[in-house]
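From first to last, the protein sequence lines are chains D and X.
Each step along the first sequence adds one to the number in my numbering, with nothing skipped, and position 52 is 52.
Each step along the second sequence adds one to the number in my numbering, with nothing skipped, and position 358 is 358.
Simulated from the structure, these hints should not be mistaken for lab results.
Treat the hints with care, as some may be off.
[As the list claims (entries may be wrong)] List of simulated lysine-lysine pairs, DSS-like, C-alpha gap at most 30 Å:
| id | chain 1 | residue 1 | chain 2 | residue 2 |
| --- | --- | --- | --- | --- |
| 1 | X | 78 | X | 60 |
| 2 | X | 78 | D | 179 |
| 3 | X | 60 | D | 176 |
| 4 | D | 112 | D | 397 |
| 5 | D | 499 | D | 305 |
| 6 | D | 179 | X | 60 |
| 7 | D | 112 | X | 342 |
| 8 | D | 516 | X | 348 |
| 9 | D | 337 | D | 247 |
| 10 | X | 342 | D | 179 |
| 11 | D | 176 | X | 244 |
| 12 | X | 116 | D | 179 |
| 13 | D | 112 | D | 479 |
| 14 | X | 78 | D | 176 |
| 15 | X | 92 | D | 176 |
| 16 | D | 107 | D | 499 |
| 17 | D | 517 | X | 348 |
[Unchecked claim] Derived coverage of chain X by chain D (criterion: at least 3 residues anywhere in the stretch with Cβ under 8 Å from a Cβ of chain D; other residues may be distant):
| id | stretch |
| --- | --- |
| 18 | 218 to 227 |
| 19 | 302 to 308 |
Idealized CB from N, CA, C, for every residue including glycine.
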Amino acid sequence: MESAVRLDHNHELTVKDLPYIVTWREDRCKRCGRCTAVCPMHAIEPSVMVRREISSEDASPSPKVTRKTVVVVRQTTDIERYCTGCGSCTLVCPNDAIEPVFNPQHKFLFHKNPGGHPYRRGGRRNDPRESTLDHLKFTRISMLTDPALDAGRHEFRIRTYLGRILPPEEMPFRVKEGKLELMSGNSRFVPPVREIYPVMIGSMSVGALSPTMWEGLAMGVAYLNEVDRMPVVMASGEGGIPPRLLKSRFIKYFILQIASGYFGWDEIIRAIPDMADDPCAIEIKYGQGAKPGDGGLLMAEKVTKLISEIRGVPQGVDLPSPPTHQTKYSIEESVAKMIQAMSMAFGFRVPVFPKISGTRTARAVLNNLLRNPYAGGLSIDGEEGGTGAAYNVSLDKMGHPIASNIRDCYLDLARQGRQNELPLIAAGGVGKKGGLAANAAALIMLGASAVSVGKYMMQAAAGCFGDEMNRCNVCNIGKCPRGITTQDPRLYRRLDPEKVAERVVEVFRALDVELKKIFAPLGRSTELPIGMSDALCADDADIAQRLQIGYVC
Amino acid sequence: MCRLAAITSNEYLNPMECIGALETMHEGHDGSGMGLILKNLGGELAEFFDYPVLSGICSKDGLYTLEEYLFHAGFRLKHQWRPALKPVKGIKRRDHYFAKVYDYPEEYEDRSQEEKEELLLQTRLTLRRMGEENGSITVFSFYPDIVTIKEVGDPLQLGEFFGLTDSRLKAKIIFAQGRQNTNYDINLYACHPFFVQGFGSMTNGENTAFVPIREFLASRGFAGYSGYDSDSEVFTHILHYAVKKLGYPLHYYKDVITPLGEDDLARREDSEVLSLMRVALRPLCIDGPNVIIGFTPDGSCFMVHDAKKLRPGVVGGVRGRVGLVSEECGLESMVPERESAKGIFPMKYDMVIVSPGAQEVRVWNQLYGWTTIMN
Numbered sequence: 001m002e003s004a005v006r007l008d009h010n011h012e013l014t015v016k017d018l019p020y021i022v023t024w025r026e027d028r029c030k031r032c033g034r035c036t037a038v039c040p041m042h043a044i045e046p047s048v049m050v051r052r053e054i055s056s057e058d059a060s061p062s063p064k065v066t067r068k069t070v071v072v073v074r075q076t077t078d079i080e081r082y083c084t085g086c087g088s089c090t091l092v093c094p095n096d097a098i099e100p101v102f103n104p105q106h107k108f109l110f111h112k113n114p115g116g117h118p119y120r121r122g123g124r125r126n127d128p129r130e131s132t133l134d135h136l137k138f139t140r141i142s143m144l145t146d147p148a149l150d151a152g153r154h155e156f157r158i159r160t161y162l163g164r165i166l167p168p169e170e171m172p173f174r175v176k177e178g179k180l181e182l183m184s185g186n187s188r189f190v191p192p193v194r195e196i197y198p199v200m201i202g203s204m205s206v207g208a209l210s211p212t213m214w215e216g217l218a219m220g221v222a223y224l225n226e227v228d229r230m231p232v233v234m235a236s237g238e239g240g241i242p243p244r245l246l247k248s249r250f251i252k253y254f255i256l257q258i259a260s261g262y263f264g265w266d267e268i269i270r271a272i273p274d275m276a277d278d279p280c281a282i283e284i285k286y287g288q289g290a291k292p293g294d295g296g297l298l299m300a301e302k303v304t305k306l307i308s309e310i311r312g313v314p315q316g317v318d319l320p321s322p323p324t325h326q327t328k329y330s331i332e333e334s335v336a337k338m339i340q341a342m343s344m345a346f347g348f349r350v351p352v353f354p355k356i357s358g359t360r361t362a363r364a365v366l367n368n369l370l371r372n373p374y375a376g377g378l379s380i381d382g383e384e385g386g387t388g389a390a391y392n393v394s395l396d397k398m399g400h401p402i403a404s405n406i407r408d409c410y411l412d413l414a415r416q417g418r419q420n421e422l423p424l425i426a427a428g429g430v431g432k433k434g435g436l437a438a439n440a441a442a443l444i445m446l447g448a449s450a451v452s453v454g455k456y457m458m459q460a461a462a463g464c465f466g467d468e469m470n471r472c473n474v475c476n477i478g479k480c481p482r483g484i485t486t487q488d489p490r491l492y493r494r495l496d497p498e499k500v501a502e503r504v505v506e507v508f509r510a511l512d513v514e515l516k517k518i519f520a521p522l523g524r525s526t527e528l529p530i531g532m533s534d535a536l537c538a539d540d541a542d543i544a545q546r547l548q549i550g551y552v553c
Numbered sequence: 001m002c003r004l005a006a007i008t009s010n011e012y013l014n015p016m017e018c019i020g021a022l023e024t025m026h027e028g029h030d031g032s033g034m035g036l037i038l039k040n041l042g043g044e045l046a047e048f049f050d051y052p053v054l055s056g057i058c059s060k061d062g063l064y065t066l067e068e069y070l071f072h073a074g075f076r077l078k079h080q081w082r083p084a085l086k087p088v089k090g091i092k093r094r095d096h097y098f099a100k101v102y103d104y105p106e107e108y109e110d111r112s113q114e115e116k117e118e119l120l121l122q123t124r125l126t127l128r129r130m131g132e133e134n135g136s137i138t139v140f141s142f143y144p145d146i147v148t149i150k151e152v153g154d155p156l157q158l159g160e161f162f163g164l165t166d167s168r169l170k171a172k173i174i175f176a177q178g179r180q181n182t183n184y185d186i187n188l189y190a191c192h193p194f195f196v197q198g199f200g201s202m203t204n205g206e207n208t209a210f211v212p213i214r215e216f217l218a219s220r221g222f223a224g225y226s227g228y229d230s231d232s233e234v235f236t237h238i239l240h241y242a243v244k245k246l247g248y249p250l251h252y253y254k255d256v257i258t259p260l261g262e263d264d265l266a267r268r269e270d271s272e273v274l275s276l277m278r279v280a281l282r283p284l285c286i287d288g289p290n291v292i293i294g295f296t297p298d299g300s301c302f303m304v305h306d307a308k309k310l311r312p313g314v315v316g317g318v319r320g321r322v323g324l325v326s327e328e329c330g331l332e333s334m335v336p337e338r339e340s341a342k343g344i345f346p347m348k349y350d351m352v353i354v355s356p357g358a359q360e361v362r363v364w365n366q367l368y369g370w371t372t373i374m375n
């Protein structure tokens, strides 16, 4: 009989407590060890097991006992080494012998706080349901009374503007000999406006992303602009960008972000005199949809030599950005000053706009910005936005959905007749279920001037494993099995930047076709259908009522 | 799609000239309405060119309410034209059709034109609101030297119904539309041509960008940008906004509603202005297919298309008499003496502008500038 001590495993978890259970097929496994080597969490390990087999070969029972020691792959129940379900093991297994399976009965959140440290992770909100955006469809189909357009052959202009737009009444025009001309001299300041593709790559920092991932995205963006003539822009995230890029002509395809840690800005300020061109815009990050109220966080593991140089900090230390800008004490005062200071730094040639978390107070922010003639837009990041590192509670429970936030803001602008003056950029959960074009078009018709995507790009361009069943989502610990969010060369060398760039281009080309397939049947081609809410309906009456659009069933 | 016939002339014409043109395009309208705007009035209204004319339809009760309101607002009736109605099968007669000429309230005698126009606009909108709920009052325009007639029915039958053949109602500019209703309910307020403060236009086609344009116009803080029972009403209001509110020369209307693409724009001398205009007026960019025929307070008439209008309208005529129509057969009816080979079919970048009195026809091309076709 086994001793009581050996039977009592009361201090241990069972695999049934964990979110993913690794199913391993002994009969297929050839014990090559690839799965255990590749597992980023060390959740599986090679182990030995003693087997006691009882057999009888005679006509009457004559049991024989055989003892065997076998090599197995065993899943650990250590909560710090839980299986994330990433599936790297399946990917490398030559014999299809291993696979993590989601365990709906798990009690992961009951246990993932050893040492009193709450669960932190990357990714986005763990809510696998369809988002509000996925309940929207385009129902105003041009039929007979108004010819629909041919998405394949018609000329479409899918562009938007970033930057403060003067109301037509304030444009410094005068009529001379039957023609309009610009008034010279002390005429009205005309703020800078960029014409860009309405879907941009959202803020993901060098640091949060691996060098290969960031390089791939940047190359893809440059290709789209230079070869495909699609003015797609990309936001840098906090922490600056590589110095060589900063001084190159490609800088015009990038939106530089300044956030509460001001990381990277020493280098940027120093580079200004040597810049070959202006950046597309400056984004001042005040909030992030994935973790409202939290600042950025780059774990020490990710602060390598390159990152430390770009950010101007020592190597190997945690880089937390404060939850808020330390100088921010009022939107009227310090935010206005910050916008103006950034505008001034770039000679008032670059649009400057704040980014905030989705919030019920977004309209208050919006109306303050409206009164600031230098504010070049407002980016709102909804609750389903992604992040490289955040507390799980922030990710899962904090924030505001983007759909109603952007709709409220647009309608507020429209009531004041200023819907064309301050572009709204919508982000957070766009393309969560893969419907990037549909989600983006829906947001535009709800009133967004542009849409920003981050998580979708990682998933589509680099095969990010992360999903809303908490698969993988270990971006925060520098162990990304795809090499997307790590600074470990052994991991990021898995990612070929050329392939990422190719995928970025493919994604945007496909997106462009899909947007045309949406806009064409609506009869829209000449301008982006911003606020064309008559084209939208929801399949949920409450959503329809809240967004002030039609309901269909 | 609706059928459109407009004529501009240096002499007074009977509105039946346009209605006759609509009849030649009969296959394109379904009797769901006809709208007529007469500008630069002749006949019995000629001498009152300086006084505002209220055009509309009333029930008996509505007429009493309307007259009471106008009287108390200080307007004094100077003259009124009422059609000599003839019963026509299929046309449902309403109580009162009228074009009433008023004198301004005394306190407005020395007021500016702007103030007078504001008063007329507010009065029209108030009357519309007063009669909208029970349908007792329908008012189409309240402006000097303009008469508007609208009713449901076949244009030719309506011409007979209103007795327009032998009417003394004449004008130098006549706009007529035969409706092919695509706005669900038949509503007189949805019937073209539309009018605001001296600017009028009618359209055929659909405007799929209607909602964002409506939201932009309705939030300009100008009471006249309202109504919108038809998606085409925005074309009139964009015209008013661009020319009157923003002070742009008329041909920039084309650049507002169908701005050039970036490459084309760079070739224009005024490209800097156009770039800024395209950004600032982005919500007014239309998405058709549309042909728009319009007029401005000085009596200039124009025709313009968007790029999606595959079958253009046509402008043609002789000096002193020019027609602007959606189908060429209409032109044949209105100006048979013209050289048909010289008809102008405006294309993607064109805007045809006919000067007051039809003395000159010029084509404004967004890429190549002006061409004078007739002077």
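Going down the list of hints, with the structure as the test:
1. The suggested pairing of residue 78/X with residue 60/X holds, with an alpha-carbon distance near 20 Å, which does not exceed 30 Å.
2. For the hint linking residue 78/X to residue 179/D, the alpha-carbon distance of about 41 Å lies beyond 30 Å, and the restraint is violated.
3. Pair hint residue 60/X plus residue 176/D does not hold up; C-alpha atoms about 52 Å apart against a cutoff of 30 Å.
4. Only pairs whose Cα atoms come within 30 Å are accepted, and residue 112/D paired with residue 397/D is accepted, the gap being roughly 17 Å.
5. The straight-line distance between the Cα atoms of residue 499/D and residue 305/D is roughly 25 Å, inside the 30 Å bound, and the hint therefore holds.
6. Between residue 179/D and residue 60/X the CA atoms are separated by roughly 51 Å; this puts the pair beyond 30 Å, and the hint is violated.
7. Restraint check for residue 112/D and residue 342/X: the C-alpha separation of about 83 Å exceeds 30 Å, so the hint is violated.
8. Of the supplied pair hints, the one linking residue 516/D and residue 348/X holds, its CA atoms being roughly 21 Å apart against a limit of 30 Å.
9. Of the supplied pair hints, the one linking residue 337/D and residue 247/D holds, its CA atoms being roughly 26 Å apart against a limit of 30 Å.
10. The straight-line distance between the Cα atoms of residue 342/X and residue 179/D is roughly 28 Å, inside the 30 Å bound, and the hint therefore holds.
11. The hinted pair formed by residue 176/D and residue 244/X meets the criterion: a straight-line CA distance of about 16 Å does not exceed 30 Å.
12. Between the alpha carbons of residue 116/X and residue 179/D the distance comes to roughly 29 Å, so the proposed pair stays at or under 30 Å and holds.
13. Of the pairs offered as hints, the one joining residue 112/D and residue 479/D holds, with about 18 Å between alpha carbons and a cut-off of 30 Å not exceeded.
14. For the given pair, residue 78/X sits about 41 Å from residue 176/D by alpha-carbon distance, which is inconsistent with the 30 Å threshold.
15. Note on residue 92/X and residue 176/D: the hinted pairing is violated, with a Cα-Cα distance of about 52 Å set against a maximum of 30 Å.
16. Between residue 107/D and residue 499/D the alpha-carbon distance is near 38 Å, which puts this suggested pair outside the 30 Å criterion.
17. The straight-line distance between the Cα atoms of residue 517/D and residue 348/X is roughly 23 Å, inside the 30 Å bound, and the hint therefore holds.
18. For the stretch 218 to 227 of chain X, the assignment as covered by chain D holds, since 3 residues bring a beta-carbon within under 8 Å of that chain's beta-carbons and 3 suffice.
19. Only residues whose beta carbon comes within less than 8 Å of a beta carbon in chain D count, and the stretch 302 to 308 of chain X has 3; three or more means the coverage holds.
Hint violations for this structure: numbers 2, 3, 6, 7, 14, 15, 16, all remaining hints satisfied.
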